[in-house]
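Protein sequences, first through last, are from chains Y and Z. If you count the first sequence from 1, position 28 lands on 28 in the numbering used here, and the numbers rise without skipping. If you count the second sequence from 1, position 92 lands on 92 in the numbering used here, and the numbers rise without skipping.
It should be emphasised that the hints constitute simulated quantities derived from the structure, not laboratory data. Cβ atoms here follow ideal geometry from the backbone N, Cα and C, with glycine treated the same way. Be careful, since some hints might not be right.
Which residues of chain Y face chain Z? A partial, calculated answer using Cβ under 8 Å [stated by the list, open to error]:
{"no.": "1", "residue": "V5"}
{"no.": "2", "residue": "F26"}
{"no.": "3", "residue": "A29"}
{"no.": "4", "residue": "F81"}
{"no.": "5", "residue": "K96"}
{"no.": "6", "residue": "G97"}
{"no.": "7", "residue": "E123"}
Okay, the calculated beta carbon distance ranges per label pair [unchecked claim]:
{"no.": "8", "chain 1": "Z", "residue 1": "G73", "chain 2": "Y", "residue 2": "G61", "range": "20 to 28 Å"}
{"no.": "9", "chain 1": "Z", "residue 1": "D16", "chain 2": "Y", "residue 2": "R35", "range": "29 to 37 Å"}
{"no.": "10", "chain 1": "Z", "residue 1": "K67", "chain 2": "Y", "residue 2": "E99", "range": "26 to 34 Å"}
{"no.": "11", "chain 1": "Y", "residue 1": "G134", "chain 2": "Z", "residue 2": "D62", "range": "48 to 56 Å"}
{"no.": "12", "chain 1": "Z", "residue 1": "D62", "chain 2": "Y", "residue 2": "V132", "range": "38 to 46 Å"}
{"no.": "13", "chain 1": "Y", "residue 1": "R35", "chain 2": "Z", "residue 2": "R124", "range": "20 to 28 Å"}
{"no.": "14", "chain 1": "Z", "residue 1": "R124", "chain 2": "Y", "residue 2": "E34", "range": "19 to 27 Å"}
{"no.": "15", "chain 1": "Y", "residue 1": "A95", "chain 2": "Z", "residue 2": "R72", "range": "29 to 37 Å"}
{"no.": "16", "chain 1": "Y", "residue 1": "G111", "chain 2": "Z", "residue 2": "D70", "range": "29 to 37 Å"}
{"no.": "17", "chain 1": "Z", "residue 1": "D70", "chain 2": "Y", "residue 2": "G61", "range": "29 to 37 Å"}
Protein chains: 2
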Amino acid sequence: MFDHVDHIAIAVEDIDRSIALYVTTFGQAPSHRERVEDFKVEIATVNIGETAIEFIQPTSGDSPIRKFLDERGQGIHHIAFRVDDICAALKELEAKGAEVIDKSPRKGKDGSLVAFIHPRSTERVLYELVQVKG
Amino acid sequence: MFDHVDHIAIAVEDIDRSIALYVTTFGQAPSHRERVEDFKVEIATVNIGETAIEFIQPTSGDSPIRKFLDERGQGIHHIAFRVDDICAALKELEAKGAEVIDKSPRKGKDGSLVAFIHPRSTERVLYELVQVKG
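Sequences are here, hints too, so could you generate the full structure?
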């Protein structure tokens with residue numbers, strides 16, 4: 001069902017500091033940066049092979065990432081799998097017992113469509129599905 | 001420096017339950033299972049593209065994974081990057097200011113060599129380097 005790990009998202013307080021540290025320590029510069037208004041976040045991605053490390057910083061006090069940071073501090077937030085057809089994947093996952101947060105896909109970064117699966121049904125790991133712009 | 005994301009490790013209480021859920025919900029079966037005595041864990045990996053999801057269950061009360069589970073519950077434990085030459089990568093990372101937990105590589109699963117970077121120096125994310133058996 002999944003093609004590959006599209007990205008691993010890390011919730012951070014200061015995206016510029018995270019990028020600077022990543023560039024200095026790992027020698028990897030971000031390839032993409034964007035505010036995603038639907039999720040009230042700013043994101044920056046660093047590619048490692050076919051997967052991106054995605055830093056996410058909240059842009060508003062009521063961003064879900066703000067809540068995550070207040071409760072748990074900085075750290076890994078979710079794992080995203082790349083799919084060809086997100087609507088078909090959501091239907092299949094629901095049929096197999098996964099608790100889908102987004103019944104219909106939402107707009108993600110760079111024209112992608114995304115949907116989240118509730119960690120209650122996946123051993124406390126938050127998963128996202130991503131279909132890139134065709 | 002990094003070739004790709006080798007695996008994403010998830011600390012779990014019951015590896016059989018996690019595998020069963022993964023097989024049922026995501027339709028993905030594990031490709032490898034092993035006890036890694038040096039880390040007092042049992043692991044099982046499920047391949048998604050070039051990356052594996054790695055479940056880790058402690059096999060002893062003094063396993064570092066037991067401590068993680070007691071403090072934080074089930075969840076994502078670390079991100080591992082594949083490298084060609086782990087000793088060269090460790091030297092380079094130390095020179096760039098990363099706090100290396102393992103100054104010399106340790107034995108990981110399936111004949112690999114592994115070393116961890118302290119989350120203090122990487123914005124609270126635990127990273128591992130992996131060099132596979134040549």
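Verification of the supplied hints:
1. This hint holds: V5 of chain Y has a C-beta 4 Å from the nearest C-beta of chain Z, less than the 8 Å allowed.
2. Among the interface hints, the one on F26 of chain Y holds; its C-beta lies about 6 Å from the nearest C-beta in chain Z, closer than the 8 Å criterion.
3. The criterion of a C-beta within 8 Å of any C-beta in chain Z is not met by A29 of chain Y, whose closest approach is roughly 12 Å, and the hint is violated.
4. Of the supplied interface hints, the one on F81 of chain Y holds, with its beta-carbon coming within about 6 Å of a beta-carbon of chain Z, less than 8 Å.
5. Because the smallest distance between the Cβ of K96 of chain Y and any Cβ of chain Z comes to about 5 Å, under 8 Å, the interface hint for this residue holds.
6. For G97 of chain Y, the shortest C-beta to C-beta distance to chain Z is roughly 6 Å, which falls under 8 Å, so the interface hint holds.
7. Proximity of E123 of chain Y to chain Z holds as hinted, the smallest CB-CB distance being about 5 Å (cut-off 8 Å).
8. Checked against the hint of 20 to 28 Å, the C-beta distance between G73 of chain Z and G61 of chain Y comes to roughly 26 Å, which is consistent with it.
9. Evaluation of the 29 to 37 Å hint for D16 of chain Z and R35 of chain Y yields a failure: the beta carbon distance comes to about 43 Å.
10. Roughly 29 Å separates the CB atoms of K67 of chain Z and E99 of chain Y, a value that falls within the hinted 26 to 34 Å.
11. G134 of chain Y and D62 of chain Z have their C-beta atoms about 51 Å apart, which keeps the hinted 48 to 56 Å range intact.
12. For the hinted restraint 38 to 46 Å between D62 of chain Z and V132 of chain Y, the CB-CB distance of approximately 45 Å keeps it satisfied.
13. Between R35 of chain Y and R124 of chain Z the Cβ separation comes to about 23 Å, which falls inside the hinted range of 20 to 28 Å.
14. A beta carbon spacing of about 23 Å between R124 of chain Z and E34 of chain Y agrees with the range 19 to 27 Å that was offered as a hint.
15. Hint check: A95 of chain Y to R72 of chain Z, Cβ distance near 32 Å, so the stated range 29 to 37 Å holds.
16. Checked against the given bound of 29 to 37 Å, the beta carbons of G111 of chain Y and D70 of chain Z, roughly 43 Å apart, lie outside it.
17. The beta-carbon spacing between D70 of chain Z and G61 of chain Y, approximately 32 Å, falls within the hinted interval of 29 to 37 Å.
Of the numbered hints given earlier, the model fails hints 3, 9, 16; all others are met.
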